[in-house]
Amino acid sequence: MGSITFNHVFKQYKGESRPAVNDFHLSIEEGEFLVLVGPSGCGKSTTLRMLAGLEEISGGELYIDDKFVNYVSPKDRDIAMVFQNYALYPNLSVYENIALGLKLRKTPKYEIELRVNRVAKILEISHLLDRKPSQLSGGQKQRVALGRAIAREPQVFLMDEPLSNLDAKLRAQTRAEIIKLQSDLKRTTVYVTHDQVEAMTMGTRIVVMKDGVIQQVAPPKRLYDEPANLFVAGFIGSPQMNFVEGSVTREEGRYYFNNKRMKLLLPSAYDGLFDRMNRAVRNVVLGVRPEHVLLKTPEPDDDEKGFVTSAVQMTEVTGADSYVYVTVGESKIIARTDPGTAYRNEDKPAIGFNMSKLHFFDENTGISLADGGDEE
Amino acid sequence: MIRRLRRITPFQVILVTVFTALAAFMSLPIVFILNHAFKPTNELFLFPPRFFVQNPTGSNFEQLFLHATNATVPFSRYVFNSVFVVALTLISVIVVSTMAAYVLAKYQFHFKQLILSLITLSLMFAPETVGIPRYLIISGIHLHNTYLGHILPSLASPIAVFMLVGFISQIPGELMEAARIDGASHIGIFTKIVLPLAVPAIATISIFTFQGVWGDVETSTLFMQDETMRTLAFYVNSLLSGLQNSVAGQNVAAAAGLLMFIPNLIIFLLFQRKVLETMIHSGIK
Ligand SMILES: Nc1ncnc2c1ncn2[C@@H]1O[C@H](COP(=O)(O)OP(=O)(O)O)[C@@H](O)[C@H]1O
Ligand SMILES: [Mg+2]
Chain A
1 MGSITFNHVF KQYKGESRPA VNDFHLSIEE GEFLVLVGPS GCGKSTTLRM
51 LAGLEEISGG ELYIDDKFVN YVSPKDRDIA MVFQNYALYP NLSVYENIAL
101 GLKLRKTPKY EIELRVNRVA KILEISHLLD RKPSQLSGGQ KQRVALGRAI
151 AREPQVFLMD EPLSNLDAKL RAQTRAEIIK LQSDLKRTTV YVTHDQVEAM
201 TMGTRIVVMK DGVIQQVAPP KRLYDEPANL FVAGFIGSPQ MNFVEGSVTR
251 EEGRYYFNNK RMKLLLPSAY DGLFDRMNRA VRNVVLGVRP EHVLLKTPEP
301 DDDEKGFVTS AVQMTEVTGA DSYVYVTVGE SKIIARTDPG TAYRNEDKPA
351 IGFNMSKLHF FDENTGISLA DGGDEE
Chain B
1 MIRRLRRITP FQVILVTVFT ALAAFMSLPI VFILNHAFKP TNELFLFPPR
51 FFVQNPTGSN FEQLFLHATN ATVPFSRYVF NSVFVVALTL ISVIVVSTMA
101 AYVLAKYQFH FKQLILSLIT LSLMFAPETV GIPRYLIISG IHLHNTYLGH
151 ILPSLASPIA VFMLVGFISQ IPGELMEAAR IDGASHIGIF TKIVLPLAVP
201 AIATISIFTF QGVWGDVETS TLFMQDETMR TLAFYVNSLL SGLQNSVAGQ
251 NVAAAAGLLM FIPNLIIFLL FQRKVLETMI HSGIK
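Here the protein sequences line up with chains A and B, keeping their order. The numbering used here applies: residue 1 is where the first sequence begins, and numbers increase by one. The numbering used here applies: residue 1 is where the second sequence begins, and numbers increase by one.
Hints may be right or wrong, so weigh each one.
Said to hold, decoys possible - Listed next, the stretches of chain A that the computed footprint assigns to chain B, with coverage defined by at least 3 CB atoms under 8 Å from CB atoms of chain B:
1. 313 to 324
2. 338 to 347
What the hints assert, rightly or not - Derived DSS-like pairs (lysine-lysine); straight-line CA-CA distance at most 27 Å:
3. B/K106 to B/K274
4. A/K169 to A/K221
5. A/K14 to B/K112
6. A/K75 to B/K106
7. A/K263 to A/K296
8. A/K348 to A/K260
9. A/K67 to A/K169
10. B/K106 to A/K132
11. A/K169 to A/K186
12. A/K14 to B/K274
13. A/K357 to A/K263
14. A/K221 to A/K14
15. B/K112 to A/K103
16. A/K109 to A/K260
17. A/K132 to A/K75
18. A/K132 to B/K112
Unchecked claim - Here's a subset of chain B near chain A, in silico, CB distances under 7 Å, partners left out:
19. I171
20. G173
21. E174
22. L175
23. A178
24. R180
25. E227
Treat the hints as calculated values from the structure; they're not laboratory data. The beta carbon of each residue, even a glycine, is placed where N, CA and C say it ideally should be.
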């Protein structure tokens, strides 16, 4: 119960030149916590609203529990939705807000009472049941909105940026609560956010979207370690992955990464990638995460070890880590360092990369060279 | 408390004084009507006229009822007609306007813009210009001397629809979507969500619809030839125009003026509180 299948789903708004959702093709398993993430306007909400039945599907088929639901009205899809602006009925009390869905489904009165009270207890809003939404704080409103969804006990929960109106502390707390609720209830959940941290911490699987097109679908760790393209690589992770343009050449059976300032001997583990890129000129973008950038004091044999000179522009201390912004030629690179070593502006440390943690992307297409094309 | 009082600035004092004075000035007509109705004849003709009554008397009302009992149609009949017509019109205007406004504000359909433009356009017609076409329509469908003839002309209220469209489009669409997912039908969404939230606007349109219909003499004059179908406003009006220049007429006029004014005041106070209450408590967002 609660599995979802998108079969090449499109959404074309009237009067728009390109589709808001373009060939969305995905299966969601029962009980899964799936997160849709992407920049604003990439079609996340549209996808969710098509799933909810609030938006017509322009092309393709949608199945919930193997039932074709393109033309099924929202109330008959056995879903519940939590909105960004809570969407609580202002004229009804908290109790009535939670109970309305049950009442409209002709649930017996004693059972409504039972369920509302149980949900209120789980969410710790029992003392608020008589209040009107206008008498609640943002965090309390969001709990009521969650309660309204849970009380119905639907097969699928849909949430559209439910935390983005909360302040940072409350957001982290509610995030943890939603994760716990989901794992307790084991209901299929589709969660939309533009915040990659939220996506990474909540989802069992993440869908990264851009311009209405799915970029990659993967569990959080895989998304982080094996981004399918430049967009995903840059979008997931904060501060974002460093990119250095250059070309890969083959000398005496070994591959080298070159640009004006660097010449890096690449470990043979990468050979397969470049063999596959069967071209005379292999223009690539090298990607490396800040935690895989090494800074040290310059030494004479740096060249052989793959270190080059850099110039510190700025340092950002976050507490546990500090991020050092340096330039190497025209490339700007961020390095995560331990705050014990202080770098001052205009310092010229040597910079190198953890050679086993490099990513390579085709400069033209932006697609990862590691992406064999067999991504799920 | 004392500390708070001390913190009142001269600016605030001036502000309160000015607004109190303004409010007092604006309420002068009401004070006048109230006092005027209880003035004995000699005070009515006092020059210069006074606002406040010196020796209040109920004789003006006596005169009014005396006059009314002499008429061919009993006074109570006019009152009944007025109350009946106003009540029915008010209810129908609210039902029709809110339903029309909900659809115009929240649904997409063909010719929606055209309809909205037509409604806006019809706001610009002076009542006089539609008098004759209205008469032709009423007589064409034989609504002379019927209650429907009273109600129908005011039923389509462009100003009410216009105001409600503006108000209802402010209600977030997410509320209706949440209700749809919760399982509410279109009617359910309308009655459970939209109507309660539109109460301030409904109260506003009720006030001016009431005032318009309660004070309307045109319908009774043009469409009702049967005296038993005419309303209180018509009766009072004809009374006044018939007696304008007589001394006795002034007494009756003063009493009738108050009588016509009181329901307006009551309705206004009643709904105005509702307007404020809902605005304060519901807080749509
Ligand atoms: N009702 C609509 N009519 C026309 N275009 C829309 C409508 N809703 C959204 N869009 C467009 O569709 C695209 C995707 O929007 P949306 O799904 O809301 O993005 P997201 O939720 O990812 O920020 C955007 O370009 C947006 O402008
Ligand atoms: Mg959105």
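How the hints compare with the structure:
{"no.": "1", "hint": "313 to 324", "verdict": "violated (count 0)"}
{"no.": "2", "hint": "338 to 347", "verdict": "violated (count 0)"}
{"no.": "3", "hint": "B/K106 to B/K274", "verdict": "holds, 24 Å"}
{"no.": "4", "hint": "A/K169 to A/K221", "verdict": "holds, 24 Å"}
{"no.": "5", "hint": "A/K14 to B/K112", "verdict": "holds, 16 Å"}
{"no.": "6", "hint": "A/K75 to B/K106", "verdict": "holds, 19 Å"}
{"no.": "7", "hint": "A/K263 to A/K296", "verdict": "holds, 18 Å"}
{"no.": "8", "hint": "A/K348 to A/K260", "verdict": "holds, 18 Å"}
{"no.": "9", "hint": "A/K67 to A/K169", "verdict": "violated, 40 Å"}
{"no.": "10", "hint": "B/K106 to A/K132", "verdict": "holds, 25 Å"}
{"no.": "11", "hint": "A/K169 to A/K186", "verdict": "holds, 26 Å"}
{"no.": "12", "hint": "A/K14 to B/K274", "verdict": "violated, 41 Å"}
{"no.": "13", "hint": "A/K357 to A/K263", "verdict": "holds, 17 Å"}
{"no.": "14", "hint": "A/K221 to A/K14", "verdict": "violated, 38 Å"}
{"no.": "15", "hint": "B/K112 to A/K103", "verdict": "violated, 34 Å"}
{"no.": "16", "hint": "A/K109 to A/K260", "verdict": "violated, 75 Å"}
{"no.": "17", "hint": "A/K132 to A/K75", "verdict": "holds, 25 Å"}
{"no.": "18", "hint": "A/K132 to B/K112", "verdict": "violated, 35 Å"}
{"no.": "19", "hint": "I171", "verdict": "violated, 9 Å"}
{"no.": "20", "hint": "G173", "verdict": "violated, 9 Å"}
{"no.": "21", "hint": "E174", "verdict": "holds, 4 Å"}
{"no.": "22", "hint": "L175", "verdict": "holds, 5 Å"}
{"no.": "23", "hint": "A178", "verdict": "holds, 4 Å"}
{"no.": "24", "hint": "R180", "verdict": "holds, 5 Å"}
{"no.": "25", "hint": "E227", "verdict": "violated, 46 Å"}
Going through the hint list in order, the structure does not satisfy hints 1, 2, 9, 12, 14, 15, 16, 18, 19, 20, 25.
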